[in-house]
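Asker: Sequence:
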Amino acid sequence: MLDIHFIRENSDIVKAGALKKHIDVDIDGLLAIDDKRKRLRQELETKRAEQNRRSSEIQLAKGVEREKVIEAMQHLKSGMVESEEQLKQVMGEWQRLMLTVPNIPDMSVPDGVSDSDNLEVKRWGEQTVFSFAPQGHVELMAALGIADFERGAKVAGFRGYFLKGDGVLLANAVWQLALKHFSMKGLVPMSVPSLVRREAFLGTGYLPQGEDDLYKTQDGDYLAGTGEVATMGYHMNETLDMGVFPVRFLAFSPCFRREAGAHGKDVRGLIRVHEFFKWEQVVLCKAEHDESARLHEWLNRNTEEFIELLNIPYRTVVNCGGDLGLGQVKKYDIELWVPGEQTYREISSASYFHDFQTRRLNIRYRDIDGNMHFPHSLNSTAIPTPRILVSIVENYQQPNGTIKVPEVLIPYVGKTVISGTQ
RNA sequence: GGAGACGUGGCUGAGUGGUCGAAAGCACCUCGCUGCUAAUGAGGCAGGGGAGAAAUCCUCUCGUGGGUUCAAAUCCCACCGUCUCCGCCA
1 MLDIHFIREN
11 SDIVKAGALK
21 KHIDVDIDGL
31 LAIDDKRKRL
41 RQELETKRAE
51 QNRRSSEIQL
61 AKGVEREKVI
71 EAMQHLKSGM
81 VESEEQLKQV
91 MGEWQRLMLT
101 VPNIPDMSVP
111 DGVSDSDNLE
121 VKRWGEQTVF
131 SFAPQGHVEL
141 MAALGIADFE
151 RGAKVAGFRG
161 YFLKGDGVLL
171 ANAVWQLALK
181 HFSMKGLVPM
191 SVPSLVRREA
201 FLGTGYLPQG
211 EDDLYKTQDG
221 DYLAGTGEVA
231 TMGYHMNETL
241 DMGVFPVRFL
251 AFSPCFRREA
261 GAHGKDVRGL
271 IRVHEFFKWE
281 QVVLCKAEHD
291 ESARLHEWLN
301 RNTEEFIELL
311 NIPYRTVVNC
321 GGDLGLGQVK
331 KYDIELWVPG
341 EQTYREISSA
351 SYFHDFQTRR
361 LNIRYRDIDG
371 NMHFPHSLNS
381 TAIPTPRILV
391 SIVENYQQPN
401 GTIKVPEVLI
411 PYVGKTVISG
421 TQ
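With this note's numbering applied, the first sequence covers 1 to 422.
Keep in mind that the hints were calculated from the coordinates and are not lab data.
The C-beta atom is built at its ideal place from N, Cα and C for all residues, glycine as well.
Don't take every hint at face value.
Below, in silico cross-link-like pairs of lysine-lysine (DSS-like), each with a Cα-Cα straight-line distance of 30 Å or less [said to hold, decoys possible]:
| # | residue 1 | residue 2 |
| --- | --- | --- |
| 1 | Lys122 | Lys164 |
| 2 | Lys180 | Lys404 |
| 3 | Lys15 | Lys38 |
| 4 | Lys62 | Lys77 |
| 5 | Lys122 | Lys286 |
| 6 | Lys88 | Lys47 |
Computed Cβ-Cβ distance ranges for the label pairs, DEER-style [claimed, not checked]:
| # | residue 1 | residue 2 | range |
| --- | --- | --- | --- |
| 7 | Thr217 | Arg151 | 36 to 46 Å |
| 8 | Val267 | Gln127 | 49 to 59 Å |
| 9 | Thr416 | Lys185 | 22 to 32 Å |
| 10 | Gln342 | Asp3 | 41 to 51 Å |
Construct the entire structure; sequences and hints are all you get.
Answerer: As C-alpha cells, then:
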C-alpha cells in the first residue's frame, strides 16, 4: 500500500509506475473518492466537536437546564447519522481502491510485458558441454530410482512426486549446505508456519488479488506459497526498536502453490510442483531507499554465491515492469542452466518493496527523534528444493546415467556418485 | 469436541457510565547531581487524521464491528484472537 499523501502529490508518477507494470488502476477515481472522504470527514468532525462541547455542558447543568441541553443533543445526533453512513460507504470504496494501487518500479527496471523481456545482467559459468546426449532430469531420476513421478501422480495427482533414496539425501544435503552458507551471512534461521491466517497474506500483498493461486482451508486459513508470508507476519502490528535493523531471517518452510494459471506449462518433472520446500531470505531495514537497494544486491549476491558453490552455470536477469508483482520495486531472478531444455530456468527471485508491505502489516519503528516510520522490507529465495535438483542432476550427469555429487555436497550426501536406488 | 477466563500505550498493569487517551511501574528522552560506571533528583513521553509559520487547537482510536445512552475502556450483542482445564491425539 502506498501513502495516500504520496499518491495525491505524485499521481503522475504513480500512474506511470502502474503503466510500466501493466497494471490497470484508477488513480483519478481514487483521488475523487479521497476528496469525498476528506470532505465528509471534516463535516463530521465539526459536528462531533459540537457534540463533545455540549456533552461537557450537560455534566455541569442542573435541572430544567440540563433537560433542555439533552434534548438539543438528541437533535444534533440524528443529523449526524447520515454523514456517518456516507463516510462509511466512502471509506469502504477507498480502502478497496487503495489495495489495488501498485508500488512504483525503480528507474532501473526495464520496460516489458512478460518474463521474456527481462534483461540479462550477468552470466556465470560455461554452459555444460557433454560428450554424449544428455538426458532430462525426469528420465535420469526415474531411472536411478531417486524420484518417482508415476506414483507421485497416482497418490498426489497432477504434479505429484516422490523423492527416494539418494534423491532425499541430495535434497537434504542442499538444505544443510544452505543453512550453513546463509547463516554465516548473518541471517537467523527460522522454521516458519505454512498454514497461515488471511491477514498476513493481505499484508504481504498476496491477497486480495491472488486468491486463485492459494490453497484455502475450511477454517479460512491459507497454505503459503512461500515462507515470506509467515516471516513477514512475524512482526505484524509491532513497533520495533531501531537498533534491531537490519532484521535478517532465513526461513524454512514447505510451500504450496495451486499454479492455477499454469496448466499447460512444465507438466513434467520437478520444475513446477504444487508442494515443495524453500529456504527464504527475509529482511526488514530502515526506511531508506539506499539501504533497501544495498540489501537487495546483498540478498541476490548471497544466492549467487550459493549457486557458485554448487558450480552450476547461471545468469541473473533484472525483471521488466510487466513481470513485477504489485508491491515490488525491483526484482532480480537467478536462472540456472538446464541442459535437458537447453535454457536457463528460474531458481531464485530477489525483490524489495520499500514500505509497501510494512504499511499493510502495520510494522513500525521509532527513529532517534521519536518519529514513527514503516521499515522497508525485502526478500529473496535462498534455495528451493526439489527444483534445484533439476539443475544438479542434469549438469552433473555422466555417460552411464549416474550423477556426480557436487564437491560441496559430498560431506552431506556421504558419497561421490549417485548410482541408483532400487 | 466440552467448560471457563481474558484482550487497555513500546512493555507490565490499574481502571465497571461523564472530571479517562487513561493511575502506577519499567523502558526511552531532556535537564540536574556525581572522577567514570552504578545509583539518584526534576520534567517529558501513545498512535492516526485535520487546521496552523509555530505555540497550540479539533477529531478518532482501550481486539474488530454493531447496539443502548445526551455521554461507553466501562453496559448489551456478534465476530476475531489468546490462555487455562477436561477429552482425543503425533
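Asker: Against this structure, judge whether each hint is valid.
Answerer: Structure-based check of each hint:
1. Lys122 x Lys164: With a Cα-Cα distance of about 35 Å, the restraint between Lys122 and Lys164 is violated, given a limit of 30 Å.
2. Lys180 x Lys404: Status holds; Cα separation ~22 Å.
3. Lys15 x Lys38: Within the cut-off at roughly 22 Å; holds.
4. Lys62 x Lys77: With Cα atoms ~21 Å apart, Lys62 and Lys77 stay inside 30 Å; holds.
5. Lys122 x Lys286: 28 Å, holds
6. Lys88 x Lys47: 16 Å, holds
7. Thr217 x Arg151: 36 to 46 Å: 26 Å, violated
8. Val267 x Gln127: 49 to 59 Å: 25 Å, violated
9. Thr416 x Lys185: 22 to 32 Å: The hinted range 22 to 32 Å holds for Thr416 and Lys185, with Cβ atoms some 28 Å apart.
10. Gln342 x Asp3: 41 to 51 Å: 46 Å, holds
Hints 1, 7 and 8, counting from the list given before, are not met by this structure.
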